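The chain contents come next:
Number of protein chains: 2
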Amino acid sequence: MDFPFTRIKGGVGAPKGFATSAVACGIKNPDVERLDLALIHSEFPCTSAGTFTTNRVKAAPVKLTQNHLRRGEIRTIIANSGNANACTGLQGVHDARAMADGVAKPLGLKRSEVGVCSTGVIGLPMPMMRIDPHYEALVNGLGRKQGDDVARAIMTSDTREKQLAISFDIGKHRVRLGGCVKGAGMICPSMATMLCFITTDANIPRDCLQRSVHEAVDESFNRITIDGDTSTNDTVLVLANGQSGMTPARRSGPRCRQFAKALRWLMLELAKDIVRDGERVTKFVHVKVNGARTFADAQKVAEAVCKSALVKASWNGEDPNWGRVIHAVGYSRARIREELIDIHYDGIPACLGGLQTDTPMQKLRDIASKPEFAIDISLNQGQADYDMYSSDFSPEYIDFNRSEYAYWKQARKDGLV
Amino acid sequence: MDFPFTRIKGGVGAPKGFATSAVACGIKNPDVERLDLALIHSEFPCTSAGTFTTNRVKAAPVKLTQNHLRRGEIRTIIANSGNANACTGLQGVHDARAMADGVAKPLGLKRSEVGVCSTGVIGLPMPMMRIDPHYEALVNGLGRKQGDDVARAIMTSDTREKQLAISFDIGKHRVRLGGCVKGAGMICPSMATMLCFITTDANIPRDCLQRSVHEAVDESFNRITIDGDTSTNDTVLVLANGQSGMTPARRSGPRCRQFAKALRWLMLELAKDIVRDGERVTKFVHVKVNGARTFADAQKVAEAVCKSALVKASWNGEDPNWGRVIHAVGYSRARIREELIDIHYDGIPACLGGLQTDTPMQKLRDIASKPEFAIDISLNQGQADYDMYSSDFSPEYIDFNRSEYAYWKQARKDGLV
Numbered sequence: 001m002d003f004p005f006t007r008i009k010g011g012v013g014a015p016k017g018f019a020t021s022a023v024a025c026g027i028k029n030p031d032v033e034r035l036d037l038a039l040i041h042s043e044f045p046c047t048s049a050g051t052f053t054t055n056r057v058k059a060a061p062v063k064l065t066q067n068h069l070r071r072g073e074i075r076t077i078i079a080n081s082g083n084a085n086a087c088t089g090l091q092g093v094h095d096a097r098a099m100a101d102g103v104a105k106p107l108g109l110k111r112s113e114v115g116v117c118s119t120g121v122i123g124l125p126m127p128m129m130r131i132d133p134h135y136e137a138l139v140n141g142l143g144r145k146q147g148d149d150v151a152r153a154i155m156t157s158d159t160r161e162k163q164l165a166i167s168f169d170i171g172k173h174r175v176r177l178g179g180c181v182k183g184a185g186m187i188c189p190s191m192a193t194m195l196c197f198i199t200t201d202a203n204i205p206r207d208c209l210q211r212s213v214h215e216a217v218d219e220s221f222n223r224i225t226i227d228g229d230t231s232t233n234d235t236v237l238v239l240a241n242g243q244s245g246m247t248p249a250r251r252s253g254p255r256c257r258q259f260a261k262a263l264r265w266l267m268l269e270l271a272k273d274i275v276r277d278g279e280r281v282t283k284f285v286h287v288k289v290n291g292a293r294t295f296a297d298a299q300k301v302a303e304a305v306c307k308s309a310l311v312k313a314s315w316n317g318e319d320p321n322w323g324r325v326i327h328a329v330g331y332s333r334a335r336i337r338e339e340l341i342d343i344h345y346d347g348i349p350a351c352l353g354g355l356q357t358d359t360p361m362q363k364l365r366d367i368a369s370k371p372e373f374a375i376d377i378s379l380n381q382g383q384a385d386y387d388m389y390s391s392d393f394s395p396e397y398i399d400f401n402r403s404e405y406a407y408w409k410q411a412r413k414d415g416l417v
Numbered sequence: 001m002d003f004p005f006t007r008i009k010g011g012v013g014a015p016k017g018f019a020t021s022a023v024a025c026g027i028k029n030p031d032v033e034r035l036d037l038a039l040i041h042s043e044f045p046c047t048s049a050g051t052f053t054t055n056r057v058k059a060a061p062v063k064l065t066q067n068h069l070r071r072g073e074i075r076t077i078i079a080n081s082g083n084a085n086a087c088t089g090l091q092g093v094h095d096a097r098a099m100a101d102g103v104a105k106p107l108g109l110k111r112s113e114v115g116v117c118s119t120g121v122i123g124l125p126m127p128m129m130r131i132d133p134h135y136e137a138l139v140n141g142l143g144r145k146q147g148d149d150v151a152r153a154i155m156t157s158d159t160r161e162k163q164l165a166i167s168f169d170i171g172k173h174r175v176r177l178g179g180c181v182k183g184a185g186m187i188c189p190s191m192a193t194m195l196c197f198i199t200t201d202a203n204i205p206r207d208c209l210q211r212s213v214h215e216a217v218d219e220s221f222n223r224i225t226i227d228g229d230t231s232t233n234d235t236v237l238v239l240a241n242g243q244s245g246m247t248p249a250r251r252s253g254p255r256c257r258q259f260a261k262a263l264r265w266l267m268l269e270l271a272k273d274i275v276r277d278g279e280r281v282t283k284f285v286h287v288k289v290n291g292a293r294t295f296a297d298a299q300k301v302a303e304a305v306c307k308s309a310l311v312k313a314s315w316n317g318e319d320p321n322w323g324r325v326i327h328a329v330g331y332s333r334a335r336i337r338e339e340l341i342d343i344h345y346d347g348i349p350a351c352l353g354g355l356q357t358d359t360p361m362q363k364l365r366d367i368a369s370k371p372e373f374a375i376d377i378s379l380n381q382g383q384a385d386y387d388m389y390s391s392d393f394s395p396e397y398i399d400f401n402r403s404e405y406a407y408w409k410q411a412r413k414d415g416l417v
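These protein sequence lines are chains Y and G, in that order. Using my numbering, the first residue of the first sequence is number 1, and each one after it goes up by one. Using my numbering, the first residue of the second sequence is number 1, and each one after it goes up by one.
No lab work stands behind these hints, which were simulated from the structure alone. Treat the numbers as computed from the prediction; the structure is a model and nothing was measured. Any given hint could be a false lead.
What the hints assert, rightly or not - List of simulated lysine-lysine pairs, DSS-like, C-alpha gap at most 27 Å:
1. Y/K261 to Y/K288
2. Y/K413 to G/K363
3. Y/K261 to Y/K9
4. Y/K409 to G/K370
Starting from the given sequences, assemble the full structure and let the hints guide the process.
Given below as structure tokens:
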């Protein structure tokens, strides 16, 4: 495929007219000095669009930001790691609002121009006494720093910052698109414990932006899974400030389609990066289902395989165990016929017509030993296909997720519980 | 609750007129001497009923036994561990049939009076050359041995045999009911990689037996989960030979209800035993959902919580992490309202109205540290409830399930692949 984009430095700070900042508040632990409160700010008004968790238990900042997004004029985002501000009741909403006000005032904005995002432990009150003193430093620190500080401050169990920026032409104008994500655990279709911020200096009216964001999320963040859980805080926010000088994109016009294509590419790259950096992940597996009777059937098969604990354990063991794959296909509730199913590892047949092939096992094991490989599942019943990206399940993943007691101990010290 | 049953020795061999036998064939590994082929035989004709995996990829013995069960006269079961005979095509069906014939002939039965069950690795042909020579020894070994040999021979990754037998009165007659199970991995609602054989000398016509079995499975084996996977081989078979001398039970009569109650109790005990003996399991957790708007909503909530990798990891860590519980409730797709949800650990409130309580954390940790505890989730929206039984996810579970390569190496030695 031709790649009509140029990679440029940075992330959300790369497009024209965006400034970023981050400070260390000690939200999770006051004794540890790390960036945990971030600010993204457009010096000019923006159109904005986003998608949010489908979990019915929504964190307070999600409720607030959904509300602000109805006006579609968010131009500033304040985000923290270390506490999700979820299951915190009215106090949580009050705290999220205080965070919005904390930066809206010094920036001279309305509260509804600010989005608020939080990620971290669920069920403990926000330690506002450690956040409140930092709004001024956060605003004063704003500068053209490409966004590295934001990518770093939103990390929780991520092992590295994940950001990306590109430039490309729409008509005669060069535009820039930048983004960053945090992911790691609870990554699942229908979104993840995942925050994604994207900025652009393209001139994208709200109707084009909204449609482009929904389509791009469907083909990126909704296609990845690490542990099959869906979080209370997932948020994708996209801000467009038009500072590239381009002519506004009309919803069904070619400029909108060009922008949508770039957005989809950027989101898919960021989504894949989340899987690669999943908690204690050692494998990145591209599961490609084809030949399903319907799109829904293809999706069911892909999700069943990508979420199966036994399949994921076998990936961790570098075992090309197609038996476990076909068994997940079987319980997916998709309409399948066992005797028509072919399964290939990186193009090498492991199962044809539902039966073991005579491919030497060592050849398949060599593929399953690679850090990244693809499994093709051909149902041979129709034309529908569906791609997903998944990871293995490691003993270390479970070990890593055994306890969040440390959070609770700190909240007790803080007098919050 | 009053317990109107008397526990008696043994399992499937305990009821009158049933004999059992088991031999060591080396199905998985010819160098290891362990029982892996079992026979249950009623000396008298039986009525029979059963339920099977809902996986669309069904093992050959499942297809065969489903077929035989249509006549409802199965009185003999041959079962093996070490190979599931799944994804083995026409050869698999041929092999399953050969196993039925292998014991039908020396016993003087029709093939349709024999059920065949297999459990083990998927996708490798059955090593029939190691099974075929043993039919005669298997039949000659039949004796009144309570069934311990069967319970042992069907084990795969189970750590101990799981069997149970009771006696109780129906009318003036004392009847006996015995059963054994194997489980361990891939245990999930909608049945498990699970074999369950139950025998009784009660006189239960087919219509009563069928209804009783379906109801009992719904409230036992469909309520347990270990890793959320559903296998290709799950089978429950119940044989009734009437040798207690009791008057036949009519479908809607009191004798049928009495039998159904005993069957439900026995199956639930066996099902719980499967969870307790799950692969590398350290916790047994009873999840009780109540106050849902509908039965389906209650079920969705229970299944989401019991299947969440993050919830199960926290159980392994003895962390009373109600935040992860409520977050699974949120993505269950049930109609819930966060601000109405109460969560109790063994009756102690951890979350009331969606918010953290002031229960001392140590008190909740003491409960989560016990090998068995209950989590009550009250949705406070209606009258429907649903109980499930689940286990933790341990690092050792993943480690244990990384590879089945040893199976493949043996199949290669056998010249089967």
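Q: Would you list, in rising numerical order, the hints stated earlier that this structure does not obey?
A: none
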